[in-house]
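S.K.: Chains D and A, in that order, give the protein sequences. Here UniProt numbering is used: position 258 in the first sequence is 258, and no number is missing along the way. Here UniProt numbering is used: position 183 in the second sequence is 183, and no number is missing along the way.
Treat the hints with care, as some may be off.
Stated by the list, open to error - Here are the simulated DSSO-like pairs of lysine-lysine, each with C-alpha atoms no more than 27 Å apart in a straight line:
id, chain 1, residue 1, chain 2, residue 2
1, A, Lys-125, D, Lys-21
2, A, Lys-102, D, Lys-228
3, A, Lys-212, A, Lys-276
4, A, Lys-168, D, Lys-268
5, A, Lys-221, D, Lys-285
6, D, Lys-268, D, Lys-390
7, D, Lys-268, A, Lys-125
8, D, Lys-268, A, Lys-225
In short, the hints are calculated from the structure, not lab data.
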Amino acid sequence: MLLIHQMLTNFFYHLRENNLKVNLREHLTLLEALNKEVVVYNTEDFYFLSRAIYVKHEQNLDLFDRLFSQFFDGVEEVRVEDFLKIDDSWLIKKFLSELSEEEKEAIKAAGGLDELLERLRKTIEEQKERHEGGTKWVGTGGTSPFGNGGYNPAGIRIGGKGGGKNAAKIWDKREFKNYDDNLELNTRNTQMALRLLRILTREGVEDELNLEETIDRTCNNAGFLDIKMQASKQNRVKILLLLDVGGSMDDFVEECSMLFSSAKHQFKNLEFYYFHNCVYENMWKDNNRRYEDKISTWDVLNKYNKDYKVIFVGDASMSPWELSEPRGSVEHFNAEAGTVWLERFRDKFPNLIWLNPINDGYWQYTHTIQEIRKWSDNRMFPLTISGLEKAMKCLKNSKLKFNS
Amino acid sequence: MENKQNASFQGTSNYVATRELQTAVNAAVALQRPLLIKGEPGTGKTLLAFEVAKALNKQLFTWHVKSTTTAQQGLYEYDAVSRLRDSQLGDDRVHHVENYIKKGKIWEAFETDEQSVLLIDEIDKADIEFPNDLLQELDRMEFYCYELKRTIKAKHRPIIIITSNNEKELPDAFLRRCFFHFIRFPDKETMQQIVDVHYPKLEETLLTNALKTFFGIREVKNIKKKPSTSELIDWLRLLLVGKVSAEDLEDLNKMNEIPPYLGALLKNESDYDLFKALREKGVK
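Next comes chain D alone, as it looks inside the complex (with noise of 0.2 Å):
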């Protein structure tokens, strides 16, 4: 049993070096599973069981068929020297359930397992190099009892892929491919972070028992209860998203469509549009139909209230005049300079705030960074997610700042 135990603490380190994040509590449940013998001296079993116990989530599935073939393939190739020093009891309980019974009689014929153990250490010690083929000595092919690929079915496997056994492998399948793509998608701290943007208001149905006005109202009553009800808090906060696409932004897609997925499920009241570089007179809601569907910002402005919290999302890196100058803008003729439209979201929403996904370390490399951060009265975050925290905070409380 030890040196299974050392195998399987060996495939343990073999997965969190890769990157498949397995932990200890999981692996003591797999020696617990082992020890209750929920699968018996069956590869495939065991690979189910330990799949259904390492692995989490469906895109890890492939990264571990991988792992697991790269190995366990490993494993098979037992070095000759490792060989000889393997327990017989373990080794005889092993082969002997992988034996069809015409084996076993072959075995026998050969004069049982113990006889061909024996033969077996003498062959390797009598053997002085590597040698394929012939019909004594250990090695790949040929026809003698030991070696690889081998046609005596009295054999022991001895390295490499076997002769016909354990040909179809489930995990070099890799049936998962499709699900692994290679996406850290973490959302769940960033929706963590998003959940402090909590304002609780009452609206709706009244589910909720009104302790004090019940108690109020039952002492008017002469002591007699007299029941008030009450709407239960729930999040309304509303949220105006304005992104930042294509160009530098690129670069930050991952971020963003988290970012983004994130908010959806956090906030029911979202609305989002997305711009170029710098807000001009006009914005859009569908990235490929830019040029046709474009929605005035005045429209955007005039049609949400001063309870909305602005989020401006982008790098904030441009040339300056597309910032200072009227027809600034690298794409299109702009009668106003981008800085008064961004004037205009400043006056008519008291909370906002711009997240930007460059490090806020590089931030006073780029003038127009620093430019939109003055802007925002220090109201600029790094897109990370303790950045995000004090950015949900300030859009509460638009007193707290951010100083890099």
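Add chain A to chain D, keeping to what the hints say.
M.R.: Okay, now just chain A, sitting in the frame of chain D:
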């Protein structure tokens, strides 16, 4: 653990379980850990709990989670308002707090004299903190009832099956306590078995043609909602009721017509139109 042979799950006469699913279920049962099931909609996630209960001959408790469900509701609810009202009316029940405690599904499952099966269906529908609130209850299989001032402990640890549709990410601490299995969409052989289980007398050529059409639809790119097992089963029922023969299907296919009762397979209008357009153009 009682007799191992009795406690092992191998699918039932109505439910085809693959070897990997069997292993996962049996491991979860043997180690008394919750089993988390994910997979495409319509691959039989919820059904699994019903079939496990049937196969192992155990009582089943189902707890369907909604967006407003809290963890506490699974344990118990204390109806303070009706107790207050009873006290005013001088009802005798009022002296015993137990009368006002409404047991939740978890409590019920803990209380049975034999081991039971507990299904927590669509756990991802609830609030993002919901799974965290159940950690202790699922791990130690006990919880504290404040009103009664005692700990409720499971007499027999129930077999817990949890399903998720991936609408929200589940917390790591929760996942670590579970076994996980992803029900893959069945391959053609397994699908044949599943259909055999549901319609044992189905004509073989009809089945082959129907499966061909079904997998053909699944292979069409850009379809938003691919039909799954449960839709296939429904569609086959319609074919049987409508007395559509294998030849009819074959002919329609050759003539690039859309198959009958297509609405049972494609439930999205745009998918339906897309498929129809493809057929009219003669693309298969």
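S.K.: Hint by hint, note whether the structure agrees.
M.R.: Hints, verified against the model:
Using a Cα cut-off of 27 Å, the hinted pair Lys-125 of chain A and Lys-21 of chain D holds, with the two alpha carbons roughly 26 Å apart. Annotation: proposed proximity of Lys-102 of chain A to Lys-228 of chain D holds, straight-line Cα distance about 22 Å (limit 27 Å). For a cut-off of 27 Å, the pair hint linking Lys-212 of chain A to Lys-276 of chain A stands: about 17 Å separates their Cα positions. In summary, the hint linking Lys-168 of chain A to Lys-268 of chain D is supported, as the alpha carbons are separated by about 15 Å, within the 27 Å threshold.
For the given pair, Lys-221 of chain A sits about 26 Å from Lys-285 of chain D by alpha-carbon distance, which is consistent with the 27 Å threshold. With a C-alpha separation of about 21 Å, the suggested pairing of Lys-268 of chain D with Lys-390 of chain D holds against the 27 Å cut-off. Proximity of Lys-268 of chain D to Lys-125 of chain A is assessed by CA-CA distance (about 15 Å); at most 27 Å being required, the pair is judged to hold. A distance of roughly 25 Å separates the Cα atoms of Lys-268 of chain D and Lys-225 of chain A; the hinted pair therefore holds under the 27 Å criterion.
In terms of the numbered hints stated before, the structure departs from none.
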